[in-house]
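Required output: the full structure, derived from the provided sequences and hints.
There are 2 protein chains.
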Amino acid sequence: MKVINYKDIEAAPVRMDGARGVTIRWLIARDDGAPGFAMRLFEIDPGGTTPLHKHAQEHEVFIIEGAGTVWRGDEAVPVTPGTAIFVPPQETHCFTNTGDGVMRFLCMVPLEEKTCG
Amino acid sequence: MKVINYKDIEAAPVRMDGARGVTIRWLIARDDGAPGFAMRLFEIDPGGTTPLHKHAQEHEVFIIEGAGTVWRGDEAVPVTPGTAIFVPPQETHCFTNTGDGVMRFLCMVPLEEKTCG
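Chains as they are written, first to last, in the numbering used here: chain A, 1 to 117; chain B, 1 to 117.
Bear in mind the hints are in silico, worked out from the structure with no lab data behind them.
Treat the hints loosely; a few may be bogus.
Said to hold, decoys possible - 30 Å max Cα-Cα, derived DSS-like pairs, lysine-lysine:
no., chain 1, residue 1, chain 2, residue 2
1, B, Lys54, B, Lys7
2, B, Lys2, A, Lys7
3, A, Lys54, B, Lys2
4, B, Lys7, A, Lys2
5, B, Lys54, A, Lys2
6, B, Lys7, A, Lys54
7, A, Lys54, B, Lys54
8, A, Lys7, A, Lys54
9, B, Lys7, A, Lys7
As the list claims (entries may be wrong) - If you only want the chain B side, here are some residues facing chain A, beta carbon under 7 Å, derived:
no., residue
10, Asn5
11, Pro88
12, Val102
Positions of the beta carbon are idealized from the N, C-alpha and C atoms, including for glycine.
As structure tokens, then:
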């Protein structure tokens, strides 16, 4: 069993095209023995954003702190602490910090070797 | 895309043997189209606990609020907001509220139809 506070894991800058003021911490990952999916914690600075993109992997997200939006179709939907978001595979999305403080959220994704066949 | 605050989902009592003062809300589940894993939010009353048990499915847990312990081997490890916990398959575990207020945490689990073969 792994028990760790997220603050004890180093935050790495997200350097993808379109990302601005975003860091990631891998809380539970393949190296921990996780067989199916991973837990990451993202922090976005005020005015920052993740890239507007889509991909084959779903996301399961939970907002812990801050105020922001998630892009859904052609609208920016407000999210606050306690908001859960399911992003299906191949749905375009991004998360943007619209508040004055840090925006902090969990984002779970499947691990690729879980695919069958 | 599903966007919902956990407070807008009904909390159901957990009636398993050994559970005391525990509720569950399914935030992201099979019916939402989640292909691989689910997100649940648990609340434990002061003095309450989940059952001490083990099973084939791993857990990925993140403490949102409150103070408690997770049973690991033969010790009760303190957990606080910001603690992430990976419970591997078949490891005995339980979560207990040792504080004065509600203990609230996310618990992700694989969905069974994801198994291969």
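So, going through the hints one by one against the coordinates:
1. Lys54/B <-> Lys7/B: 29 Å, holds
2. Lys2/B <-> Lys7/A: 29 Å, holds
3. Lys54/A <-> Lys2/B: Status holds; Cα separation ~16 Å.
4. Lys7/B <-> Lys2/A: 29 Å, holds
5. Lys54/B <-> Lys2/A: Holds: Lys54/B and Lys2/A sit about 16 Å apart, inside 30 Å.
6. Lys7/B <-> Lys54/A: 28 Å, holds
7. Lys54/A <-> Lys54/B: 36 Å, violated
8. Lys7/A <-> Lys54/A: This hinted pair holds, its Cα atoms lying about 29 Å apart.
9. Lys7/B <-> Lys7/A: Answer holds: Lys7/B to Lys7/A is near 27 Å, not above 30 Å.
10. Asn5: 5 Å, holds
11. Pro88: For Pro88/B, the interface hint holds, since the closest Cβ of chain A sits about 6 Å away, which is under 7 Å.
12. Val102: 13 Å, violated
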